[in-house]
Amino acid sequence: GVVLTRRRSTVCAVRGAQHHKVELVTDHIGMVYSGMGPDYRLLVRRARKLAQQYQLTYGEPIPTAQLVQKVAYIMQEYTQSGGVRPFGVSLLVAGWDQGRGYVFQCDPSGAYFAWKATAMGKNHVNGKTFLEKRYSEELELEDAVHTAILTLKEGFEGQMTADNIEIGLCNEQGFRRLAPAEVKDYLANII
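Just so we're on the same page, this note's numbering is the position in the sequence shown counted from 1, plus 243.
A portion of the hints provided could be inaccurate.
[As the list claims (entries may be wrong)] The list that follows gives simulated cross-link-like pairs (lysine-lysine, DSS-like), each with its CA atoms no further than 27 angstroms apart: (1) 313 x 376; (2) 264 x 371; (3) 292 x 313; (4) 264 x 359; (5) 396 x 359; (6) 359 x 427; (7) 313 x 427; (8) 371 x 292; (9) 365 x 396; (10) 376 x 427; (11) 396 x 376; (12) 376 x 365; (13) 396 x 427; (14) 292 x 264; (15) 376 x 292; (16) 376 x 359; (17) 264 x 313; (18) 359 x 371; (19) 396 x 371; (20) 396 x 313; (21) 396 x 292.
[What the hints assert, rightly or not] Here are the computed distance ranges between Cβ atoms for each label pair: (22) 368 x 428: 26 to 36 angstroms; (23) 278 x 381: 30 to 40 angstroms; (24) 369 x 317: 36 to 46 angstroms; (25) 377 x 325: 20 to 30 angstroms; (26) 302 x 352: 32 to 42 angstroms; (27) 427 x 323: 21 to 31 angstroms; (28) 417 x 381: 21 to 31 angstroms; (29) 375 x 331: 25 to 35 angstroms; (30) 371 x 289: 23 to 33 angstroms.
It is worth saying that the hints were derived from the structure and are not from the lab. Heads up, the beta-carbon is just placed ideally off N, CA and C, and yes, glycines get one too.
Take these sequences, add in the hints, and give me the full structure.
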């Protein structure tokens with residue numbers, strides 16, 4: 244399976260509005276970002292629309308790699324079109340198809356890369372170093388969640404709680420964001 248984790252900032256300009264950083268795109272694909280939230284939300288909407296168009300045309304879910312390629316193309320177009328600025332966001336896209344999990348990173352330039360494990364954001368260098376030491380092909384999903392939380396903790400400022408981190412899981416059952424109670428249980432096992 245595949246695990247996405249993200250620190251959730253507590254500052255919200257609109258009272259009552261809650262924006263998730265881990266988003267479901269299709270039943271089997273999820274996304275997380277580093278960068279500008281509004282750009283991310285726009286790309287999530289575009290990705291959902293692309294996935295729906297594919298589903299209607301071909302009668303099957305879009306493969307993860309194909310969705311990433313289409314989203315990366317949109318991001319790349321914005322680097323060279325007049326009157327628009329490039330997207331200020333990097334994406335991690337996790338998906339499950341063809342019997343296995345996939346993780347892709349998409350940069351603002353439109354370049355995309357496949358990874359087995361990666362980190363992005365403010366402390367990505369420390370995160371990647373930590374993952375290089377801890378990751379293995381045989382890692383079970385439960386252990387992968389613990390490893391992801393420990394990786395996030397490497398550069399985390401303050402106390403980690405179910406209110407300030409989000410976790411998304413992707414396996415043969417599909418993609419889902421963990422409820423705060425589930426996140427709390429995982430944190431209790433680590434701290």
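Going straight from one Cα to the other, do residue 264 and residue 313 come out at no more than 27 angstroms?
-> holds, 21 angstroms
Keeping to a limit of 27 angstroms between CA atoms, is the pair of residue 365 and residue 396 held or broken?
-> holds, 12 angstroms
How does the Cβ-Cβ distance of residue 368 and residue 428 compare with 26 to 36 angstroms: does it lie in that range?
-> Since residue 368 and residue 428 have Cβ atoms about 30 angstroms apart, the given range 26 to 36 angstroms holds.
Can the restraint linking residue 376 and residue 292 be considered satisfied, given a maximum Cα separation of 27 angstroms?
-> violated, 38 angstroms
Residue 264 and residue 371: Cα distance at most 27 angstroms?
-> holds, 20 angstroms
Take a look at whether the Cβ-Cβ distance between residue 371 and residue 289 falls inside 23 to 33 angstroms.
-> holds, 28 angstroms
Status of the given 25 to 35 angstroms range, CB of residue 331 versus CB of residue 375 | holds, 28 angstroms
Quickly compare the C-alpha distance for residue 396 and residue 371 to 27 angstroms and report which way the hint goes.
-> holds, 13 angstroms
Given hint residue 371 paired with residue 359 - CA-CA distance at most 27 angstroms | It holds: about 11 angstroms lies between the C-alpha atoms, which stays within 27 angstroms.
Note whether the CB distance of residue 278 and residue 381 lies within 30 to 40 angstroms or breaks it.
-> At roughly 33 angstroms between Cβ atoms, residue 381 and residue 278 fall inside 30 to 40 angstroms, so the hint holds.
For the pair residue 377 and residue 325, does the Cβ-Cβ distance stay inside 20 to 30 angstroms?
-> violated, 45 angstroms
Please test the hint of 32 to 42 angstroms on the beta carbon pair from residue 302 and residue 352.
-> At roughly 33 angstroms between Cβ atoms, residue 352 and residue 302 fall inside 32 to 42 angstroms, so the hint holds.
In summary, the structure is inconsistent with hints 1, 7, 8, 15, 20, 21, 24, 25 and 27 from the numbered list given earlier, while agreeing with the others.
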